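> Each chain, letter by letter, is given below.
2 protein chains.
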Amino acid sequence: MTTFSNVTVLGAGVLGAQIAFQIANHGVAVNSYDVDDDAIAAARGRLTSLVEQYTGDVGEAHRAAAQTAAGRISFFTDLAAAVADADLVIEAVPENLELKRDIYARLAVAAPPHTVFATNSSTLLPSQIMDSTGRPDRFLALHFANHIWRQNTAEIMGTDQTSPEVFQRVVAFAEDIGMVPIPLHKEQPGYVLNSLLVPFLAAGAGLVLTGVADPETVDKTWRIGTGAPAGPFQIFDVVGLRTAHAISAASDDPGSRMWADYLEANYISQGKLGVESGEGFYKYR
Amino acid sequence: MTTFSNVTVLGAGVLGAQIAFQIANHGVAVNSYDVDDDAIAAARGRLTSLVEQYTGDVGEAHRAAAQTAAGRISFFTDLAAAVADADLVIEAVPENLELKRDIYARLAVAAPPHTVFATNSSTLLPSQIMDSTGRPDRFLALHFANHIWRQNTAEIMGTDQTSPEVFQRVVAFAEDIGMVPIPLHKEQPGYVLNSLLVPFLAAGAGLVLTGVADPETVDKTWRIGTGAPAGPFQIFDVVGLRTAHAISAASDDPGSRMWADYLEANYISQGKLGVESGEGFYKYR
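In the order they appear, the protein sequences are chains A and B.
Residues 91 to 375 in the numbering used here are what the first sequence spells out, letter by letter.
Residues 91 to 375 in the numbering used here are what the second sequence spells out, letter by letter.
Please keep in mind that the hints were generated in silico from the structure rather than gathered at the bench.
Some hints could be false.
Note: identical chains are not told apart, hence a pair may lie in one copy or across any two.
Stated by the list, open to error - Below, in silico cross-link-like pairs of lysine to aspartate or glutamate (DMTMM-like), each with a Cα-Cα straight-line distance of 25 Å or less:
| id | residue 1 | residue 2 |
| --- | --- | --- |
| 1 | LYS276 | GLU185 |
| 2 | LYS310 | ASP175 |
| 3 | LYS362 | ASP177 |
| 4 | LYS276 | ASP250 |
| 5 | LYS276 | GLU265 |
| 6 | LYS373 | GLU354 |
| 7 | LYS362 | GLU188 |
| 8 | LYS373 | ASP266 |
| 9 | LYS362 | ASP351 |
| 10 | LYS373 | ASP304 |
| 11 | LYS373 | ASP343 |
| 12 | LYS373 | GLU150 |
| 13 | LYS310 | GLU142 |
| 14 | LYS310 | GLU265 |
| 15 | LYS310 | GLU188 |
| 16 | LYS276 | GLU306 |
| 17 | LYS362 | ASP221 |
| 18 | LYS276 | ASP147 |
| 19 | LYS373 | ASP168 |
| 20 | LYS373 | GLU277 |
| 21 | LYS310 | ASP168 |
| 22 | LYS373 | GLU306 |
| 23 | LYS373 | ASP351 |
Quick caveat: nothing in here was measured; it's all calculated off a predicted structure.
Only chain A is shown next, with the shape it has when bound in the complex (with noise of 0.2 Å):
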């Protein structure tokens, strides 16, 4: 018996369809809601990937729970019908101010007057969201990390208006599918991880674009000196190359555009991208 009994998840893309095949992997019911039936078709086909990914990384000895918890998983166009029981909402719609404002708007009239909200954003703070949800008391954030199913984080961010209670049942609600949940007293944007590893990166990046080094010396360096199994080039490569391309160049910071260019013209113009294209840093495969 999970904490939250009834969850909808908004938005089925890559995190999307993660967050919905881990919460059904724990033996909830979950409605996956996105925008049409285009994207719910590819949202099946991701479905199906992860089921792969999934059994490919803990072994096939999972794959019939796997598939049952796929099985688990309704699909729904329909926002109102998407949402009627729901206890719980996830939403994790493309990373748009506007668009996610929007979509909370339409849930508070939708969604019962009980049912608790938690964004899944990596930049937006919930703050900026909190008014257009009518319930700012049950509103918070619940941030998941790529690959959930590796013993993951969640970490757990509310406003100041979010209820101390509704936070501790969502942290609860983390622990139940299997997350290790990361509550945050006050809001912080880029949570704990990204509060660390967008300074580390940075200082990373900028001993090349400086031509103290070369990324392999430092990667090495960092294992070394702190047992760590991977340095900042080898981060930049499991981030991908683009995401942090994206990432550097909307910084207000003069190195961090720099960065963004570096990348660009040394990397991504090659179709380097990082380990998901096979060449980034370094070569995968």
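Starting from the known structure of chain A, arrange chain B on it as the hints suggest.
Using the frame of chain A, we list chain B on its own:
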């Protein structure tokens, strides 16, 4: 046969003693210089402890070799005698610019013309010292980390006047004595490791200072998110909270000085100094 046959280490403090021992342990006779007989007596005691620490770390089977290595170290209080035949002088005296410039001015006269000088300074740049050496082409930084013998890094950093051939010989020597050489192409305050570590630790400190999350939560997030064995507060405990305090207190950044005050008030004043005292952010043993 190492790249340099006769090596003198100036300063027989914690790191100076480890450097002398590491070199001697790779078959090279080392002269260890310190200011007076009391300092030399302390250095002999330190060397005895080092042999214990080293054999405790790498195994009793290495005790005889470690004792032989310790026997290859000769102690001097006369600078001219200590460096008369030196091919390489490694300077590991306290981090004080005037003190270092003064010792290099004396070295410039006492050492043979061919002798290469290397500073182990963590915080001063070799360009701040080079004109006092009388031989800027044969002068650079060779920076060791604590617990030298643990397959550790030696960061090598020249000035724009360092001869490339001298630079390469020092890189080769670092490898000769079992270090992983980290060559820097330019001067960089903090070398590679501290250039990554300082902003990373500052980011962790910021999350705790602003009350976003507690140290354990921050560390757990980093460990899970990156697979590293240690988060920022585990690293603070290893570095030592007095060292962390000294670095933060010396900074121009108000956030860093707040962190220094926080460390003093909550940890250092209560004798919690990190791993060395048995307790810091965590308890040990």
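> The structure should be examined with respect to each hint, and the outcome stated for every one.
Quick rundown of the hints versus the structure:
Taking CA atoms no more than 25 Å apart as the test, LYS276 paired with GLU185 passes inside one copy only; the shortest distance there is 21 Å, against 40 Å between copies. When the C-alpha separation of LYS310 and ASP175 is checked against a cutoff of 25 Å, the pair qualifies neither within a copy, at 52 Å, nor between copies, at 35 Å. In the homo-oligomer, the alpha carbons of LYS362 and ASP177 never lie at most 25 Å apart, since the shortest distance is 43 Å inside one protomer and 46 Å across protomers. Within a single copy, LYS276 and ASP250 get their C-alpha atoms as close as 8 Å, which meets the 25 Å cut-off; across copies the closest is 47 Å, which misses it.
Within a single copy, LYS276 and GLU265 get their C-alpha atoms as close as 20 Å, which meets the 25 Å cut-off; across copies the closest is 48 Å, which misses it. In this assembly of identical chains, LYS373 and GLU354 lie within 25 Å of each other by CA distance solely inside one copy; the values are 17 Å within and 46 Å between copies. Taking the shortest Cα distances, LYS362 and GLU188 never come within 25 Å of each other, neither inside one copy (32 Å) nor across copies (49 Å). Proximity of LYS373 to ASP266 under the C-alpha cut-off of 25 Å is found in neither arrangement, the shortest distances being 38 Å within a copy and 30 Å between copies.
Taking identical chains as interchangeable, the C-alpha atoms of LYS362 and ASP351 lie at most 25 Å apart only when both belong to the same chain, with a minimum of 14 Å there against 45 Å between chains. When the C-alpha separation of LYS373 and ASP304 is checked against a cutoff of 25 Å, the pair qualifies only within one copy, where the shortest distance is 15 Å, while the shortest distance between copies is 38 Å. Proximity of LYS373 and ASP343 under a CA criterion of 25 Å is satisfied in neither setting, with 30 Å inside one chain copy and 39 Å between copies. In this homomeric assembly, LYS373 and GLU150 never come within 25 Å of each other (Cα to Cα): the closest approach is 28 Å inside a single copy and 41 Å across copies.
For the homomeric pair LYS310 and GLU142, neither the shortest alpha-carbon distance inside one copy (34 Å) nor that between copies (29 Å) is at most 25 Å. For the homomeric pair LYS310 and GLU265, the shortest alpha-carbon distance between copies (15 Å) is at most 25 Å, but the shortest distance inside one copy (35 Å) is not. Taking the closest pair of Cα atoms, LYS310 and GLU188 never come within 25 Å of each other, the shortest separation being 43 Å inside a single copy and 34 Å across copies. Taking the shortest Cα distances, LYS276 and GLU306 sit within 25 Å of each other only across copies (16 Å), while inside one copy they are farther apart (37 Å).
For a Cα distance limit of 25 Å, the shortest separation of LYS362 from ASP221 qualifies neither inside one copy, at 42 Å, nor across copies, at 45 Å. Proximity of LYS276 and ASP147 under a CA criterion of 25 Å is satisfied in neither setting, with 35 Å inside one chain copy and 43 Å between copies. Taking CA atoms no more than 25 Å apart as the test, LYS373 paired with ASP168 passes in neither setting, with 44 Å inside one copy and 54 Å between copies. For a Cα distance limit of 25 Å, the shortest separation of LYS373 from GLU277 qualifies neither inside one copy, at 38 Å, nor across copies, at 29 Å.
Taking the shortest Cα distances, LYS310 and ASP168 never come within 25 Å of each other, neither inside one copy (52 Å) nor across copies (39 Å). Taking CA atoms no more than 25 Å apart as the test, LYS373 paired with GLU306 passes inside one copy only; the shortest distance there is 12 Å, against 35 Å between copies. Proximity of LYS373 to ASP351 under the C-alpha cut-off of 25 Å is restricted to the intra-copy arrangement: shortest distance 21 Å within a copy versus 45 Å between copies.
Violation of the numbered hints given earlier is confined to hints 2, 3, 7, 8, 11, 12, 13, 15, 17, 18, 19, 20 and 21; the remaining hints are satisfied by the structure.
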